[in-house]
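J.: Just need the whole structure built from these sequences, with the hints factored in.
As you go down the protein sequences, you meet chains A and B in turn. Residue numbers 1 to 343, in the numbering used here, belong to the letters of the first sequence in order. Residue numbers 1 to 343, in the numbering used here, belong to the letters of the second sequence in order.
Honestly, the hints are just simulated from the structure, not real lab data. Everything numeric in this text was worked out from a predicted model, so none of it was measured. Be a bit skeptical, because a hint or two may be false.
Identical chains blur together in the list; that is why a pair holds if it fits in one copy or across any two.
The list that follows gives simulated cross-link-like pairs (lysine-lysine, DSS-like), each with its CA atoms no further than 27 Å apart [as the list claims (entries may be wrong)]:
1. K79 to K190
2. K196 to K79
3. K196 to K153
4. K50 to K153
5. K331 to K153
There are 2 protein chains.
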Amino acid sequence: MSNRIGLDVMGGDHGPSVTIAGAADALSRYPDIELVLVGREEAIQAELAKHEIDDSRIEIIPATETVEMHESPVEALRKKPDSSLRQLVRAHKDGRCQAIFSAGNTGAMVAASTMGLGLLPLVRRAGIAVAIPLPDLQHPAMLIDVGANVACKPNHLFQYAVMASEFIARVYGVESPKVGLLNVGEEEQKGNALVKETRDLLASSSLNVIGNVEGGDIFNGSCDVIVCDGFVGNIVLKTSEGLSERLLGAVFSEVKHLFDEAAGGADTGIGDRLRKFAARFHYSEYGGAPLLGVDGISVIGHGRSDVRAISNAIRWARQMLTVHVRDSMVKAIELNAARLEQG
Amino acid sequence: MSNRIGLDVMGGDHGPSVTIAGAADALSRYPDIELVLVGREEAIQAELAKHEIDDSRIEIIPATETVEMHESPVEALRKKPDSSLRQLVRAHKDGRCQAIFSAGNTGAMVAASTMGLGLLPLVRRAGIAVAIPLPDLQHPAMLIDVGANVACKPNHLFQYAVMASEFIARVYGVESPKVGLLNVGEEEQKGNALVKETRDLLASSSLNVIGNVEGGDIFNGSCDVIVCDGFVGNIVLKTSEGLSERLLGAVFSEVKHLFDEAAGGADTGIGDRLRKFAARFHYSEYGGAPLLGVDGISVIGHGRSDVRAISNAIRWARQMLTVHVRDSMVKAIELNAARLEQG
Chain A
1 MSNRIGLDVM
11 GGDHGPSVTI
21 AGAADALSRY
31 PDIELVLVGR
41 EEAIQAELAK
51 HEIDDSRIEI
61 IPATETVEMH
71 ESPVEALRKK
81 PDSSLRQLVR
91 AHKDGRCQAI
101 FSAGNTGAMV
111 AASTMGLGLL
121 PLVRRAGIAV
131 AIPLPDLQHP
141 AMLIDVGANV
151 ACKPNHLFQY
161 AVMASEFIAR
171 VYGVESPKVG
181 LLNVGEEEQK
191 GNALVKETRD
201 LLASSSLNVI
211 GNVEGGDIFN
221 GSCDVIVCDG
231 FVGNIVLKTS
241 EGLSERLLGA
251 VFSEVKHLFD
261 EAAGGADTGI
271 GDRLRKFAAR
281 FHYSEYGGAP
291 LLGVDGISVI
301 GHGRSDVRAI
311 SNAIRWARQM
321 LTVHVRDSMV
331 KAIELNAARL
341 EQG
Chain B
1 MSNRIGLDVM
11 GGDHGPSVTI
21 AGAADALSRY
31 PDIELVLVGR
41 EEAIQAELAK
51 HEIDDSRIEI
61 IPATETVEMH
71 ESPVEALRKK
81 PDSSLRQLVR
91 AHKDGRCQAI
101 FSAGNTGAMV
111 AASTMGLGLL
121 PLVRRAGIAV
131 AIPLPDLQHP
141 AMLIDVGANV
151 ACKPNHLFQY
161 AVMASEFIAR
171 VYGVESPKVG
181 LLNVGEEEQK
191 GNALVKETRD
201 LLASSSLNVI
211 GNVEGGDIFN
221 GSCDVIVCDG
231 FVGNIVLKTS
241 EGLSERLLGA
251 VFSEVKHLFD
261 EAAGGADTGI
271 GDRLRKFAAR
281 FHYSEYGGAP
291 LLGVDGISVI
301 GHGRSDVRAI
311 SNAIRWARQM
321 LTVHVRDSMV
331 KAIELNAARL
341 EQG
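T.: Okay, structure coming up:
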């Protein structure tokens with residue numbers, strides 16, 4: 001059976017033109033997938049006409065409403081029963097697809113997925129895991145949670161660690177992933193009440209816990225999984241994005257200036273080469289962030305997702321399906337719950 | 001009267017050779033300062049012999065012990081009454097200097113300053129304010145707290161905002177500094193309990209509050225003061241440092257490669273030019289982070305402080321003395337406490 005992935009065509013800042021272009025790109029790259037396109041039918045048809053897509057590999061599910069980027073999630077979902085997001089989740093729940101992706105309102109995607117799909121057995125909260133590009137390694141690190149849950153309890157963080165470890169083990173083949181707890185210092189006595197209690201839970205787990213890690217460790221490859229509450233994680237993620245853009249922007253304009261000057265005005269092509277280089281550090285390299293803990297596969301995209309990001313997010317959903325990440329997460333959660341009870 | 005600044009000669013990863021070189025640099029740059037050098041006397045004398053320093057502008061206060069970087073702060077201070085840190089704070093308290101700086105154990109400097117100097121009237125907690133370089137503007141933004149207080153209450157954050165606003169208004173002449181509350185979104189309903197309650201306090205203040213800001217806003221010049229609890233701030237700071245080093249390191253090595261290739265192996269000097277450019281974004285541009293809220297002037301340096309960072313931190317302590325930042329903070333705290341009572 002083919003891997004069927006549902007796509008919220010209306011999601012993201014750029015809307016259907018970009019999501020459908022991303023869909024077309026993914027269909028051409030991965031012969032073993034089919035896509036369920038959810039959104040306003042006329043918009044979908046208009047965009048599909050611009051691409052050569054095999055009709056037999058797509059299904060359209062019409063949805064007349066759209067949750068906008070800045071709407072209050074729960075309210076918007078209630079007010080818009082025929083929104084593309086709700087129809088997308090319903091399609092997954094009903095088995096019309098086995099994974100879903102949206103680059104729309106993140107809070108609404110979290111709420112719709114959690115309510116519509118439910119949580120995995122024993123799991124208390126879903127968390128968003130984002131891939132941190134580590135260009136020197138064969139795989140990214142996973143930072144969880146980056147904003148699904150801003151009022152975390154120790155057990156939530158603990159379960160995030162378990163799920164993200166299974167995720168990176170299955171999806172990237174990392175053996176015994178190294179788990180770090182994001183904190184203000186490496187010493188045991190450091191941190192607030194939440195991290196101290198989480199540390200105790202992690203100590204009795206089946207995971208390969210390396211202990212407390214600091215902000216700088218997120219990017220140096222010392223951990224495969226970095227756990228934090230959604231308030232901290234969201235700020236870390238947006239800080240990193242903002243700083244990267246600012247630094248790379250400033251450096252590139254300076255370098256281009258120096259380079260063009262040295263070349264005496266000749267076109268050096270440096271701009272393109274730098275952009276290509278920077279892409280290795282860019283969020284669109286992974287495209288989507290899996291919402292771990294829901295009973296299904298739900299992948300959330302950046303609002304600014306471009307064609308490459310959409311296509312890469314679909315690749316990721318496909319990969320999660322292929323390696324059966326859900327089943328191994330369920331087992332790992334059960335195993336660790338039993339260990340905690342014994343401990 | 002001259003500005004007398006105390007320096008923990010033993011502080012920092014590089015010890016006396018770097019702190020004394022920084023002291024010599026600052027003395028040559030600022031004719032209106034005198035320095036009180038605190039630490040092991042023989043080490044100080046040995047390093048002083050390497051520089052031409054006017055004896056009349058320095059005083060040495062011997063201290064036989066040193067708090068190491070990874071010692072538990074409170075315990076180390078208790079066990080080492082003759083540590084350079086405790087002697088440094090005592091010198092300030094006794095009026096032998098009007099400001100102090102250490103690049104040593106941050107937690108110990110916070111604890112020693114808070115216990116030894118006390119807090120300003122009405123202030124409940126001291127917070128570390130770090131300068132975020134904004135090369136396009138004439139002044140940095142201030143992020144507070146970056147780690148003095150990992151268990152913040154709303155009133156702590158509120159007072160941090162008041163003090164940092166006064167700081168940046170006096171030290172950098174910024175009129176009506178824009179204050180942002182670091183959060184996971186700009187919408188009012190976003191965030192955890194701490195930021196929601198802090199938001200209510202800020203709304204009734206005398207400050208120019210622009211509301212919730214996100215991680216990316218730290219670097220884009222949209223606020224002059226960004227307030228967060230010390231747990232979040234410390235992680236943001238270390239994330240930013242780690243990411244900057246990683247990105248700039250990777251980009252520079254790529255660019256140097258491209259540049260040298262284009263120059264056919266000739267020495268282009270690109271490495272030096274890039275390093276000079278990057279320095280504008282580097283922590284050593286400011287060198288120290290003021291601990292706001294203590295009844296005195298206490299400036300904390302990065303453990304890795306180099307000569308430039310030490311010298312710049314001394315410049316900053318001097319500037320804080322010159323503009324009487326303490327008195328204006330006390331007034332602003334009183335004014336806002338009165339407003340809160342009325343509100």
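J.: Take the hints in turn and mark each one as holding or not.
T.: Now the hints, each set against the structure:
Taking the shortest Cα distances, K79 and K190 sit within 27 Å of each other only across copies (20 Å), while inside one copy they are farther apart (45 Å). For a Cα distance limit of 27 Å, the shortest separation of K196 from K79 across copies, 25 Å, qualifies, whereas the shortest one inside one copy, 41 Å, does not. In this assembly of identical chains, the alpha carbons of K196 and K153 lie at most 27 Å apart whether taken from the same copy (11 Å) or from different copies (18 Å). In this homomeric assembly, K50 and K153 never come within 27 Å of each other (Cα to Cα): the closest approach is 48 Å inside a single copy and 55 Å across copies.
In this homomeric assembly, K331 and K153 come within 27 Å of each other (Cα to Cα) only inside a single copy, at 22 Å, whereas the closest approach across copies is 39 Å.
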